[in-house]
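Note that our numbering has the sequence shown beginning at 1, numbered continuously upward.
Bear in mind the hints are in silico, worked out from the structure with no lab data behind them.
Even glycine gets a Cβ: it sits at the ideal position worked out from N, Cα and C.
Hints may contain errors.
Per label pair, the in silico range of CB-to-CB distance [stated by the list, open to error]: (1) Glu87 x Gly12: 18 to 24 Å; (2) Ala128 x Pro48: 44 to 50 Å; (3) Arg64 x Pro108: 20 to 26 Å; (4) Gln30 x Leu119: 28 to 34 Å; (5) Gly105 x Ala27: 18 to 24 Å.
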Amino acid sequence: MPADGLLLFAHGARDPAWAAPFQAIAAELQASRPDLPLALAYLELMTPDLPAAAGALVALGCRRIQIVPMFLGASGHVRRDVPPLVEALRREHPGVQFLLHDAIGEQPSVIRAMASATLELVSSVAPAPANTQP
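Taking the hints into account, I'd like the entire structure generated from these sequences.
Laid out in structure tokens, this is it:
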């Protein structure tokens, strides 16, 4: 019976293609840690929502669920909307520990990775021609 579970929590969008990067992250994590029960949930416009995804992990036997907001920063959603949702989970599942992490985009490793990827992008573009005015 698994003790730990991981719940990735993203915003959601009307366009299903928007979720592709988050699904890819979930697939990478699952490939790296096939023993770790994992769920991907959305705040709005997509399913599953946080209660459904958490419930699925609890049904698998998870007694500690780490929630990682897949947001670039601590937006209003992360500061205002997510904590009450997590409190509701704690009330609904009193035998389960829910750990809410900071937004993933605020992690130093993510900041470094995004800076590195940005430099790769701009370095791959040929320099603009020099201004040759007389």
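Problem set entry | Ascending list of hint numbers which this structure does not respect | Result: no hint breaks.
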